[in-house]
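Peer 1: Sequence:
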Amino acid sequence: MKGLILDNFYKTINSMKLFVLFVIGAGVALLVTGNDTLLELFVYIAITALSVTALSGMRKDADAKWNKYELTLPVTRKHIISSKYISYLFWVFAGTVIALVFTGLVVIIHGNVFVYGFRDIFRIWISGYFSLFTLGIGIAVMVGALFYPLAYLLGADKSETLLVISVISSVGLAIFLIWLANRGIGSEAEYYYMRLGAFILTCFLMYLASYFIAHSIYKNKEF
Numbered sequence: 024m025k026g027l028i029l030d031n032f033y034k035t036i037n038s039m040k041l042f043v044l045f046v047i048g049a050g051v052a053l054l055v056t057g058n059d060t061l062l063e064l065f066v067y068i069a070i071t072a073l074s075v076t077a078l079s080g081m082r083k084d085a086d087a088k089w090n091k092y093e094l095t096l097p098v099t100r101k102h103i104i105s106s107k108y109i110s111y112l113f114w115v116f117a118g119t120v121i122a123l124v125f126t127g128l129v130v131i132i133h134g135n136v137f138v139y140g141f142r143d144i145f146r147i148w149i150s151g152y153f154s155l156f157t158l159g160i161g162i163a164v165m166v167g168a169l170f171y172p173l174a175y176l177l178g179a180d181k182s183e184t185l186l187v188i189s190v191i192s193s194v195g196l197a198i199f200l201i202w203l204a205n206r207g208i209g210s211e212a213e214y215y216y217m218r219l220g221a222f223i224l225t226c227f228l229m230y231l232a233s234y235f236i237a238h239s240i241y242k243n244k245e246f
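Mapping to the numbering used here: the sequence shown position 122 is 145, numbers consecutive.
It is worth saying that the hints were derived from the structure and are not from the lab.
There's no promise every hint is true.
[Claimed, not checked] Restraint-style ranges between C-beta atoms, simulated for each label pair:
#, residue 1, residue 2, range
1, S38, I132, 36 to 44 Å
2, F199, K40, 17 to 25 Å
3, N37, F116, 15 to 23 Å
4, V55, L231, 23 to 31 Å
5, Y33, Y214, 27 to 35 Å
6, E183, L64, 33 to 41 Å
7, L41, L128, 18 to 26 Å
8, G26, K181, 21 to 29 Å
9, L64, R100, 14 to 22 Å
10, G26, V55, 27 to 35 Å
11, D180, N37, 15 to 23 Å
[Unchecked claim] With a straight-line Cα cutoff of 35 Å, these simulated DSBU-like cross-link-like pairs (lysine-lysine) come out:
#, residue 1, residue 2
12, K34, K181
13, K242, K25
14, K25, K40
15, K40, K101
16, K242, K101
17, K181, K242
18, K25, K181
19, K181, K101
20, K181, K40
21, K101, K34
22, K242, K40
23, K25, K101
24, K34, K242
No residue lacks a Cβ here, since even glycine has one placed at the ideal position from N, Cα and C.
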């Protein structure tokens, strides 16, 4: 499976080069200005958009008919699915590290510029840097959780459309989960970390469930 993970990485890295340069450029602008709104956008872009870009490899596989060829390799379908999910988490982690580095530098240079954090659609406060990263990571994980089963079910050649659907659905789900956490756990400040924990745990449980669903679809798929 190591070879499959490396294959996914090499296919993705070419698409990532230009985007990483853009993220670094935005990070430099953030360091100069120290703007809190730009900081919010930067965290979301670095984590979510960077990992979403990694999904472009699915379309390349479809165009090159790689999905048929890899079945002839000495690997199981489970290994193929596992390599996709592991590779995607790598890019979520990479985006998070980039966001953390620049956020830390902003705090060192400009101090704590974050006055108010993310406020959900029902105007219930969730504030602070932690909520920024929790939301960014959560949305990124949900995008992968939705995209892979859809791609294996409907075909990777439709990846652009499926990616848009996954992103929009993930943002909607994030808003719903935040609202649900506030209703179920409570919106008081004392439950702040409990709400964030419930949110991120739900996102990763969705990702785990998605893996089993994608594997079930793929193992019965005929090419």
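Peer 1: Evaluate each hint against the coordinates.
Peer 2: Against the structure, the hints come out as follows:
1. Take S38 and I132: their Cβ atoms lie about 31 Å apart, and the range 36 to 44 Å is violated.
2. Between F199 and K40 the CB atoms are about 35 Å apart, so this pair departs from the stated range of 17 to 25 Å.
3. Distance hint for N37 and F116: a CB-CB separation of about 20 Å, consistent with the stated range 15 to 23 Å.
4. Distance hint check for V55 and L231: the Cβ-Cβ separation is about 40 Å, which falls outside the suggested range of 23 to 31 Å.
5. Distance hint check: the CB atoms of Y33 and Y214 are about 44 Å apart, inconsistent with the given range 27 to 35 Å.
6. Taking the beta carbon of each, E183 and L64 are about 23 Å apart, not inside 33 to 41 Å as hinted.
7. Look at L41 against L128: about 23 Å separates their beta carbons, and that is inside 18 to 26 Å.
8. In this structure, G26 and K181 meet the distance hint of 21 to 29 Å, their C-beta atoms being roughly 27 Å apart.
9. In this structure, L64 and R100 break the distance hint of 14 to 22 Å, their C-beta atoms being roughly 39 Å apart.
10. One distance hint, 27 to 35 Å for the beta-carbon pair G26 and V55, is violated here, with the actual separation near 43 Å.
11. Restraint check, D180 to N37: a C-beta distance of roughly 20 Å satisfies the suggested window 15 to 23 Å.
12. With a C-alpha separation of about 18 Å, the suggested pairing of K34 with K181 holds against the 35 Å cut-off.
13. Between K242 and K25, the direct Cα distance comes to roughly 20 Å. Compliance with the 35 Å bound is thereby established for this hinted pair.
14. A threshold of 35 Å between alpha carbons decides the hint, and for K25 with K40 the separation of about 22 Å falls inside it, so the pair holds.
15. Distance hint between K40 and K101 is fulfilled; the C-alpha atoms sit about 29 Å from each other, no more than 35 Å.
16. For the suggested pair K242 and K101, the alpha carbons sit about 8 Å apart, so the restraint of at most 35 Å is met.
17. In summary, the hint linking K181 to K242 is supported, as the alpha carbons are separated by about 20 Å, within the 35 Å threshold.
18. Between the alpha carbons of K25 and K181 the distance comes to roughly 27 Å, so the proposed pair stays at or under 35 Å and holds.
19. For the given pair, K181 sits about 22 Å from K101 by alpha-carbon distance, which is consistent with the 35 Å threshold.
20. At most 35 Å may separate the alpha-carbon atoms for a hinted pair to count; K181 and K40 meet this at roughly 24 Å.
21. Taking the CA atoms of K101 and K34, the gap is about 20 Å. The hint holds against a cut of 35 Å.
22. Taking the CA atoms of K242 and K40, the gap is near 33 Å; set against the 35 Å cutoff, the hint holds.
23. For the hint linking K25 to K101, the alpha-carbon distance of about 13 Å falls within 35 Å, and the restraint holds.
24. With a C-alpha separation of about 23 Å, the suggested pair K34 and K242 falls inside the 35 Å cut-off, and the hint holds.
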